[in-house]
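Participant: Each chain is listed here by its residues.
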Amino acid sequence: MKQAPDFRLPSGPGQYVSLKELRGKPVILVFYPADWSPVCGDQLALYNEVLPEFAKYGAQLVGISVDGPWCHRAYQDARKLRFPLLADFEPKGEVARRYGVYDAAAGTTQRALFVLDDQGMIRWRYVSDPAVNPGAEGILTALEELKQPGGVHEPA
Amino acid sequence: MSRRDNRAQLTVPVGPDDHSIGREDAPLTLVEYGDFQCPHCGRAYPTVKELQRRLGAQLRFVFRQFPLTMIHPEAEHAAEAAEAAAVQRAFWQMHDRLFERQFALDDDHLVEYADELGLDSERIRGELAAGTYTANVREDFMGGIKSGVNGTPTFYINGVRYDGGYDLESLLTALGSAAAVAAT
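Taken in sequence, the protein lines are chains A and B.
For the first sequence, this note's numbering assigns the number 270 to the initial residue and increments by one for each residue that follows.
For the second sequence, this note's numbering assigns the number 27 to the initial residue and increments by one for each residue that follows.
So that you can see chain A by itself, here it is in the shape it has in the complex:
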């Protein structure tokens, strides 16, 4: 278990979200390769539907890709996404690199999930095949484990 690297990224034109601000509740970080690609669309659309379940754990979900804030804004509006999309845009992929999930060959983040506890410790991580939508079950299981006393899941 280790501390999640802090970051501050644009969540829209002129708006920022820092990881520190989210301290005090579980955080789900969803790194995904790109706005608009069909698999990501399904994945984020799925999380959009599952948000009420994440909310039961008090968890905040944020999406992160290398797309810019205006691109995120258009994508978010088009898909009615009810969670922030952060732009790991400049320097490109910097945050993804710090989390070890940057795909330099593709120039995008990998498709990766992190569940942080309310202290910002990484309690679960999962890197998916970029073409496969990892679903929500792993996130829900990790959130459930956060509630268990001593129920630490060590990422291997």
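Since the hints were made in silico from the structure, they are not lab data.
Careful: at least some of the hints might be erroneous.
To be verified - Cross-link-like lysine-lysine pairs, in silico, DSS-like; alpha carbons within 25 Å at most:
hint: 1; chain 1: A; residue 1: LYS416; chain 2: A; residue 2: LYS271
hint: 2; chain 1: A; residue 1: LYS325; chain 2: B; residue 2: LYS75
hint: 3; chain 1: A; residue 1: LYS361; chain 2: A; residue 2: LYS271
hint: 4; chain 1: A; residue 1: LYS416; chain 2: A; residue 2: LYS289
hint: 5; chain 1: A; residue 1: LYS294; chain 2: B; residue 2: LYS172
hint: 6; chain 1: A; residue 1: LYS361; chain 2: A; residue 2: LYS289
hint: 7; chain 1: B; residue 1: LYS172; chain 2: A; residue 2: LYS416
hint: 8; chain 1: A; residue 1: LYS325; chain 2: A; residue 2: LYS289
hint: 9; chain 1: A; residue 1: LYS349; chain 2: A; residue 2: LYS325
hint: 10; chain 1: B; residue 1: LYS75; chain 2: A; residue 2: LYS349
Values in this document were obtained by computation on a predicted structure and should not be read as measured data.
Starting from the structure of chain A, add chain B where the hints point.
Facilitator: Just chain B now, with coordinates in the frame of chain A:
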């Protein structure tokens, strides 16, 4: 790093509450998590029909609700209309009608389809307005999430998620292998 299996398993077993067509003791059970407004599900619909025609008594087909309501605003009521029809013993008629008229799924059309199928359509209109089946649909949805449904349609063949294409040949091949396993 991961505890997830490559091939997710169906965590909610097929049971008496399911919408199921085919023999209970069929060697093959195909479960679809679907959304009536999803174009991919719409394209898979005639394929599933063809599978049923070809495999006959070998195949039991089960449909579970998985509406992605934010991108498909009419999917929730379409799902609830199918549940309402099920209470009037017409789930499959409504299921078929919804996929065949996927281009028109607003409430007025849902009620019209109920009429055409000879159902008590005013009752269905009331049940849609009251959200009578909202919880049932959500229960299917969450069961799907726990089973690793990651989009629509998602199929399970004898309880194991099928990750291949939705074309007839791919599905027939996968069902054929599952049948061979089931026979051993």
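Participant: Given the hint that LYS325 of chain A pairs with LYS289 of chain A, does the C-alpha gap stay at or below 25 Å?
Facilitator: holds, 21 Å
Participant: Is the hinted pair LYS325 of chain A and LYS75 of chain B satisfied, with a Cα-Cα distance of at most 25 Å?
Facilitator: Measuring from Cα to Cα gives roughly 39 Å; hence the hint is violated.
Participant: Given the hint that LYS349 of chain A pairs with LYS325 of chain A, test it: the Cα-Cα distance must not exceed 25 Å.
Facilitator: Within the cut-off at roughly 21 Å; holds.
Participant: For the pair supplied as a hint, LYS416 of chain A and LYS289 of chain A, confirm whether the alpha-carbon distance does not exceed 25 Å.
Facilitator: Judged against 25 Å, a Cα distance of about 21 Å means the pair holds.
Participant: Hint check: LYS172 of chain B vs LYS416 of chain A, CA-CA at most 25 Å. Holds or violated?
Facilitator: Holds: LYS172 of chain B and LYS416 of chain A sit about 18 Å apart, inside 25 Å.
Participant: Take the C-alpha atoms of LYS361 of chain A and LYS271 of chain A, compute the straight-line distance between them, and say whether it is at most 25 Å.
Facilitator: holds, 24 Å
Participant: Between LYS416 of chain A and LYS271 of chain A, does the CA-CA distance stay at or below 25 Å?
Facilitator: holds, 18 Å
Participant: Straight-line Cα separation of LYS75 of chain B and LYS349 of chain A no greater than 25 Å?
Facilitator: Answer violated: LYS75 of chain B to LYS349 of chain A is near 33 Å, above 25 Å.
Participant: Taking 25 Å as the top limit, are the C-alpha atoms of LYS361 of chain A and LYS289 of chain A close enough?
Facilitator: Given pair LYS361 of chain A, LYS289 of chain A holds - Cα atoms ~21 Å apart, limit 25 Å.
Participant: CA of LYS294 of chain A to CA of LYS172 of chain B, is that 25 Å or under?
Facilitator: holds, 23 Å
Against the hints set out earlier in the document, violations occur for numbers 2 and 10.
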